[in-house]
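Below are the chains, spelled out letter by letter.
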Amino acid sequence: MAVIALERRPAPSAVWRWATPPLAVLLTMLAGGAMFAALGQDPLIAIRTIFWDPLFAEQFASYARPQLLVKAGPLILIAIGLAMGFRAGVWNIGAEGQYIVGAICGAAAGLALYPADTRLILPLMALAGALGGWAWAMIPALLKTRFGTNEILVSLLLVYVAEQLVAAMALGPLRNPEGGGFPGSRNLARWESSANPELIAGTGMHWGVVTAFIAVIFAYVIFTRHLAGFQIRLMGEAPRAARFGGVRPGRLVILCFGVSGALAGLAGLFEVTGPAGQLNIDFGAGYGFTAIIVAFLGRLHPIGILLAGLLMALTYIGGELAQLMLGLPAAAIQAFQGMLLFFLLGVDVFTNYRLRLGRRRIA
Amino acid sequence: MLRRTFLASSALAVGFGTALGTAALAQDDPFKAGFIYVGPIGDGGWTYTHNEGRLALEEEFGDGIETVYQESVPEGADAIRAMTQMALSGADIIFATSFGYMDQVLEVAEQFPDVKFEHATGYKQADNVATYSARFYEGRAVQGHIAGSMTDTNIVGYIASYPIPEVIRGINSAYIHATKVNPDVEFRVVWVYTWFDPAKEADAATALIEQGADVILQHTDSTAPLAAAEAAGGVIGFGQASDMAAFKPSPRVSSILDVWGPYYIDRVQAVMDGTWESGDTWHGIGEGMVGIGEITDAVPDEVRQEALALKESIASGEYHPFTGPLNKQDGTPWLAEGETADDGTLLGMNFYVEGLTGDIPE
Chain L
6 MAVIALERRP APSAVWRWAT PPLAVLLTML AGGAMFAALG QDPLIAIRTI FWDPLFAEQF
66 ASYARPQLLV KAGPLILIAI GLAMGFRAGV WNIGAEGQYI VGAICGAAAG LALYPADTRL
126 ILPLMALAGA LGGWAWAMIP ALLKTRFGTN EILVSLLLVY VAEQLVAAMA LGPLRNPEGG
186 GFPGSRNLAR WESSANPELI AGTGMHWGVV TAFIAVIFAY VIFTRHLAGF QIRLMGEAPR
246 AARFGGVRPG RLVILCFGVS GALAGLAGLF EVTGPAGQLN IDFGAGYGFT AIIVAFLGRL
306 HPIGILLAGL LMALTYIGGE LAQLMLGLPA AAIQAFQGML LFFLLGVDVF TNYRLRLGRR
366 RIA
Chain Y
17 MLRRTFLASS ALAVGFGTAL GTAALAQDDP FKAGFIYVGP IGDGGWTYTH NEGRLALEEE
77 FGDGIETVYQ ESVPEGADAI RAMTQMALSG ADIIFATSFG YMDQVLEVAE QFPDVKFEHA
137 TGYKQADNVA TYSARFYEGR AVQGHIAGSM TDTNIVGYIA SYPIPEVIRG INSAYIHATK
197 VNPDVEFRVV WVYTWFDPAK EADAATALIE QGADVILQHT DSTAPLAAAE AAGGVIGFGQ
257 ASDMAAFKPS PRVSSILDVW GPYYIDRVQA VMDGTWESGD TWHGIGEGMV GIGEITDAVP
317 DEVRQEALAL KESIASGEYH PFTGPLNKQD GTPWLAEGET ADDGTLLGMN FYVEGLTGDI
377 PE
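Protein chains in written order, with my numbering: chain L, 6 to 368; chain Y, 17 to 378.
Chain Y with its partners taken away, still in its complex shape:
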């Protein structure tokens, strides 16, 4: 380290000159893609996978692209500044990778009509703002199936982040498929109001385990719940967003993978070709945006085969995770026998399905 420091300081004079040069040249730079992250790139989950997507861009386009990013950008006024500075620095496309940036994206996009914006998991579009998300609930179905099959205590703990439709969809999907294989299963949901806070996530996991949960599902981004499961022993969990392979073969018995690279490459290529259009993309297992990580040996072969079959049927479009008959929590009918949920209802989902206990926070 000492040598690096020394080298760095001896290169000072040269460096200073070149930096001024680059700033002046910024306009002629190759294509520039910017990323706004809600957590640190080392979160091992959500932000990590978006950063993998960014690296996929660099791999694909090589010298033809420059990527920049800003980590841990709070969802609020600070996001406006982060995106504005990115646009000022010459970004051609900006990926805002958290739901909470929605209004801010629209505001900055208004100021920079020539810059394209891509907002993950949002629902408001504009001429230069497209939205995209993955059908994570498809992965949750597979997860729910494994969870329902594996639990001995019949209590599944669920660490939920914010009560927004995406999270509620995940809980419903996991629950529906857990009860299909195990009608006695009960879900305990803890709301932690954060996407990434290892301490809070660990607390929530520990509390759930103390309540008897032997399977922990998480909709937060760190590996802390898996670490808590490992410490408790006899408890299993799943990788969230990234594979979290360090916890294989148990407590991590499988994972939901977010695969953003191909989409990012498509969109950047479209901007380069001048064919980019605003719109809403919602891809699932079939298109490859959602993956199911290796199901380890900790899961009995029979359960694994069932889970893989479920995954295949979802991927091929043969089966929809929200297929009736399904009632809402209060008993009112939602989907009739054989009916599948429409995207509109799923995107605004603000109710539990029948059988789930507890209330969605209001």
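For reference, chain L alone in the conformation it holds in the complex:
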């Protein structure tokens, strides 16, 4: 009987490792195109609207291109931090919470000084934001190292605590006293001392995007050249060997959570002082969760994450454009984005397994 069998590779295939993301994108376009066709849309036009128009259509590109950086910035910044942990087998699923708490702490630090007029306020807020994210990440990290709790569960559940916290802050201590009884902080993007504006007009570059790029470079150096990067990889791939090699797992957990928390906190702070402008009840927009997809789509590699973040941002912006121009329902766009992760995970099988066509021997 002819069968298709999966055979485990002796070592993960390097070719497949890098071939899977483009393949997943291609499969997403095919399956997504079929879905758009089923919705009565021309699939080619739908795909073109999502992937091409934001970048090259004359009408939209000059606005959409910078927006790509605005949207990708926080994704990349968070994903870089997460990748460090994921490489070591340390699972911080709660970046969304660290992002929110970073924004709260940073905004609070700035608003405490309102209406002071000094350029030192934004850097101070950034510091407070990073510390806030770091502190929030320390909760699951310390609980894991001290009491052996599951860091996936604790970090995830703390996201919901953070969401309650930001609602309480937007309604209480950080509420704009001149806001007419409505929830939400002062608009930080419109207060000169705290504003995180576009640095070069028409590029979308703000301090958060700059920080994301710096993080990519640092991560590249650490992962490829530094002892810590080696220890992280060893810990992830061979925990026992790592222990014999003198790696202290507890320390690594604290390090990975600390770095990813601080980066997520920074991302939150730069978002609240820039594109979002205001700390409000719904401040968390899901960047922390989407960044998990970005980290894996980018193969936990800094350059990969940079590209994956931009691609993810493109599907958001192009997806919105498709809704607007073609009247596609929002749910179809979300399903389309979901397909991307689905196919990535599906095709990823070929990294570790090889497809074998043959006959099954009768035992």
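Worth flagging that the hints you see were computed from the coordinates, not collected in a lab.
The following residues of chain Y were derived to be distant from chain L, with all beta-carbon distances above 12 Å:
1) ASP143
2) ALA286
3) PRO349
Restraint ranges, calculated between C-beta atoms of paired labels, are given here:
4) Y:PRO377 with L:ALA19: 47 to 57 Å
5) Y:ALA223 with L:PHE152: 25 to 35 Å
6) L:ALA336 with Y:GLU76: 21 to 31 Å
7) L:LEU170 with Y:ALA215: 16 to 26 Å
8) Y:ASP296 with L:ALA121: 28 to 38 Å
Covered stretches of chain Y (in silico footprint by chain L; criterion: 3 or more residues with CB under 8 Å from a CB of chain L, positions within the stretch not fixed):
9) 88–96
10) 102–112
11) 173–183
Computed from a predicted model, the values in this text were never measured in an experiment. Using N, Cα and C, we set each Cβ at its ideal position, and we do this for glycine too.
Take the given structure of chain L and dock chain Y to it, following the hints.
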């Protein structure tokens, strides 16, 4: 479906060409109206009714108008992009249909001085930004009357979304009119911090029912609370924003209807005529922006007649739902005998009236 797919793909080549053509022609297109929705158009409530308004525009102006919309746009940075792309695509007027888009509307409006913006339920205007809302509290008065008359347990559950003046006004208005017919009535308010989340809304409804509520009022947009009321049995509720007629005659015994179509037609016509002006519109039952859906047979005839009479007196302007004597929750006097609330106080309302228990979240 297979055939549709097949047809669609065989039309590919042609379609590609025409799409490029339309993009180039966008400038000469007829009038274009854009809508930003906070939920999906199938929410059956708030966004659904705004979308009905959009369809009313298409009906009225036919080929003279093109409408576009974007659903489930988060209230924040994403809304700026959604509106900017809409303006870039040639929209002449943009309706932003949720309170949380306020600062974003102003920001985009600054960039596109030639595009008119209409922001629902907000309070900040600009030269090209007008605000509009409906006096939903008038409908809440009728609802409160029915709720107070119908409850046996004397516990009315209230699913509140966000603690903003609009929602607080609704709670106060419903409570005032429930206690008028039933002094023993008690309101239990649950804050869910969402406009649309069927799972959360259902949880809230179930929790309220377990606490003994046999009437559920909602300021959220899905039909989930009505479904929970139906499942529990012996509990009634009301359609919110749209009629939610599928739950007639019970648990849905009546509804508050949002009727946006006429306003949208007026405003679009004004832009076309060049007479559009910024301003604030706040219409109620009298002007037809708020409607009361059919009161079903589940409500005794006597209560129905009273409720309709209350509706009529509000519509004619003879009665204001916030008429003194009324005290604030802490007992301080608010309105003296016969005094009615001014719009300014109502628009910024951040206090409960006397008798309501619990605190507004801070």
